[in-house]
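Participant: Take a look at the letters that make up each chain.
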Amino acid sequence: MNAWMYSIYLQWQLSLRSKEILVHFYLVPLIFYLFIGNIFSSINPESIHTMIASMSIFGITMGGILGSPYPLVEFFASESKKAYFVGGIPFSSLLLSHLLSGLIHLLIYSIFIAVSAPLLFGSPPIESFFQFLPTISLIIMANLSIGMLFGLFFTHASKMSMATQLVFLPSLMLSGMMFPTELLPKTLETIGLFLPATVGFSLLTQGAMQPLKIVYLVSISLIAILVSIRKTQHLFDDQ
Amino acid sequence: MNVITLQSVTKAYGEKIVLDGLNLSIKKNEVFGLLGKNGAGKTTTLECIEGLRKVDQGSIEVNGSLGVQLQSSSIPPLLKVEEIVTLFAKWNKVNPDDQLLDIMSLTSLRKSFYGLLSTGQKRRVHLALALMKNPDILILDEPTAGLDIEGKLEIYELIQQLKRDGKTIVLSTHDLSEVEQLCDRVAIIDHGKLIHCSTVKEFAQNHQRFMNLHVDVDGDLEGYTFDQSTMCYVISTEDLHQTVTRLMKEIQSKNLRIRDIYVKKAQLETQFMHLFEKEEDYECLDV
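So the protein sequences, as listed, match chains X and V.
Each step along the first sequence adds one to the number in the working numbering, with nothing skipped, and position 5 is 5.
Each step along the second sequence adds one to the number in the working numbering, with nothing skipped, and position 141 is 141.
These are computed hints drawn from the structure, not numbers from a lab.
Model, not experiment: these values are computed from the prediction.
For each residue, glycine too, the CB sits at the ideal point set by N, CA and C.
Treat the hints with care, since some could be wrong.
What the hints assert, rightly or not - Cross-link-like lysine-lysine pairs, in silico, BS3-like; alpha carbons within 30 Å at most:
1. V:LYS122 x X:LYS231
2. X:LYS231 x V:LYS133
3. X:LYS82 x V:LYS133
4. V:LYS249 x X:LYS82
5. X:LYS82 x V:LYS264
6. V:LYS122 x V:LYS163
7. X:LYS82 x V:LYS111
8. V:LYS80 x V:LYS133
9. V:LYS37 x V:LYS163
10. X:LYS81 x V:LYS16
11. V:LYS254 x X:LYS82
12. V:LYS133 x X:LYS81
13. V:LYS37 x X:LYS82
14. X:LYS82 x V:LYS152
15. V:LYS54 x X:LYS81
16. X:LYS231 x V:LYS80
17. X:LYS81 x V:LYS93
18. X:LYS19 x V:LYS80
19. V:LYS16 x X:LYS159
20. X:LYS82 x V:LYS28
To be verified - Derived coverage of chain X by chain V (criterion: at least 3 residues anywhere in the stretch with Cβ under 8 Å from a Cβ of chain V; other residues may be distant):
21. 13 to 21
22. 65 to 79
23. 171 to 180
Use the sequences and the hints to build the structure in full.
Facilitator: In structure tokens:
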């Protein structure tokens, strides 16, 4: 196993040992899914049609935006970064393994939702996993990339946690995953259009063949990754 | 032959100048001690040599591969020792060395999580990582800070062995006994400037004008420092005659009886403290 592969393997091991990952990627989203699934399907039987999309987007936003920055803040705010630097370990390997590990966790979560929702709540099953998996992967990457920025630009977990709520809460309320966006005031509906959660929800519910939205998510991911790489190249400049 | 040369190195963090035209040369196969008070610029000097910091002005030349043990580095706590060693080995294209783990007494800790190691064990892990590439030059930033006596002695033995193996070692420390015991040469930095650089022997000789007068009397001598380890009053002085005369008058006036009195040359530590107290007396030396 070469150094890159070993870094990815190790990041995966670390994520399995991390309580934050367990809580943000699995425990809370799955409890929320079971809870909300029961309530929503009772109150509004129509909600089962968007159950897979809304609960996938909820878990992805929670894991990507709220959960994934924690290990990065812990690493880059500590002296660990110096040990890695002098040890010749490139930070880009850390970022890549962080993204891939998060992608795998959130794919597992999303596939679980896609498979279980029809069984538990009678949701219509996914028509094509070949379309669902690339779409969901793109949505996950966009959220993880934004989470990566929070992880790199904040040096305190508490401040980072507050800042991530500025993305997470609007995503929850304005994306359409909880209730139709048509019910929102026009201004909020417009703001919501720019959230990755809204774009992702639209791709999952209205079909993946929306090039503009795909380009939007790809652009967000690329810009966030490039900014993150740039940030890691200048970690020691301003200290 | 110099393996590290710093020429007129200047480094500032914002408005604060940390290194102010620093010149320094470190020779091959010497143990070089870098001394200074907290905030003197020692760690910044080392971090500039290591490439962690970019210098604002001046130049740094390093001839040889570097192994670095940082002062306060850490590793993600949920990684195991063997995983850390393998990760660093793979990125440095070397095979994880079981012998190195043996030397560092880390074999039994292979499966332990880094976060559960003691301070001494963590330092040994970082030293093992620094030695992994078999570097020509080893930079150790306060390698024994927080260690017990046994841990310190192990590190001392290792440093001496590394010197015998032909390595150059740069050692930053607060512990002057470490300098006396391990170093060939010593440099003292204050406010980012080099205020002294010589062999340890020369340093001790040049500045050994301070004497410690130890007096044991059967009462209290107000205004003098009582040393618990020797159970004596200890007076550090440059002018022994004047100090003894004054002390005798005081002892007589208080009607005290002298039980013991002796004079010792002050340790390196005392010289070091006096150097900072009177640093204006010393010219900045370019070495």
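Participant: Does LYS82 (chain X) sit within 30 Å of LYS37 (chain V), going by the straight-line distance between their CA atoms?
Facilitator: holds, 22 Å
Participant: Do at least three Cβ atoms from the region 13 to 21 of chain X come closer than 8 Å to Cβ atoms of chain V?
Facilitator: Three-residue rule met by the region 13 to 21 of chain X, so holds; n is 4.
Participant: With a cut-off of 30 Å on the C-alpha distance, tell me whether LYS82 (chain X) and LYS133 (chain V) pass.
Facilitator: With a Cα-Cα distance of about 17 Å, the restraint between LYS82 (chain X) and LYS133 (chain V) holds, given a limit of 30 Å.
Participant: When you check the alpha-carbon spacing of LYS82 (chain X) and LYS111 (chain V), does it fall within 30 Å?
Facilitator: At roughly 23 Å apart (the allowed maximum being 30 Å), LYS111 (chain V) and LYS82 (chain X) satisfy the hint.
Participant: Measure nothing beyond the straight line between the CA atoms of LYS122 (chain V) and LYS163 (chain V); if it is 30 Å or shorter, mark the hint as holding.
Facilitator: Holds, at about 22 Å.
Participant: Measure nothing beyond the straight line between the CA atoms of LYS249 (chain V) and LYS82 (chain X); if it is 30 Å or shorter, mark the hint as holding.
Facilitator: Violated - the C-alpha atoms of LYS82 (chain X) and LYS249 (chain V) are around 59 Å apart, more than 30 Å.
Participant: Assess, step by step, whether the Cα of LYS231 (chain X) is no farther than 30 Å from the Cα of LYS133 (chain V), and give holds or violated.
Facilitator: Cα-Cα ~28 Å, so holds.
Participant: Going straight from one Cα to the other, do LYS231 (chain X) and LYS80 (chain V) come out at no more than 30 Å?
Facilitator: holds, 28 Å
Participant: Decide if the proposed pair is consistent with the structure: LYS254 (chain V) and LYS82 (chain X), CA atoms, cutoff 30 Å inclusive.
Facilitator: violated, 60 Å
Participant: So if I understand the rule, the pair passes when the alpha-carbon distance is 30 Å or less; does LYS82 (chain X) with LYS152 (chain V) pass?
Facilitator: holds, 24 Å
Participant: Would you mind confirming whether the straight-line C-alpha gap from LYS133 (chain V) to LYS81 (chain X) stays at or under 30 Å?
Facilitator: holds, 19 Å
Participant: Take a quick look at whether LYS81 (chain X) and LYS16 (chain V) sit within 30 Å of each other, Cα to Cα.
Facilitator: Roughly 24 Å between the alpha carbons, so the hint for LYS81 (chain X) and LYS16 (chain V) holds.
Of the numbered hints given earlier, the model fails hints 4, 5, 11 and 23; all others are met.
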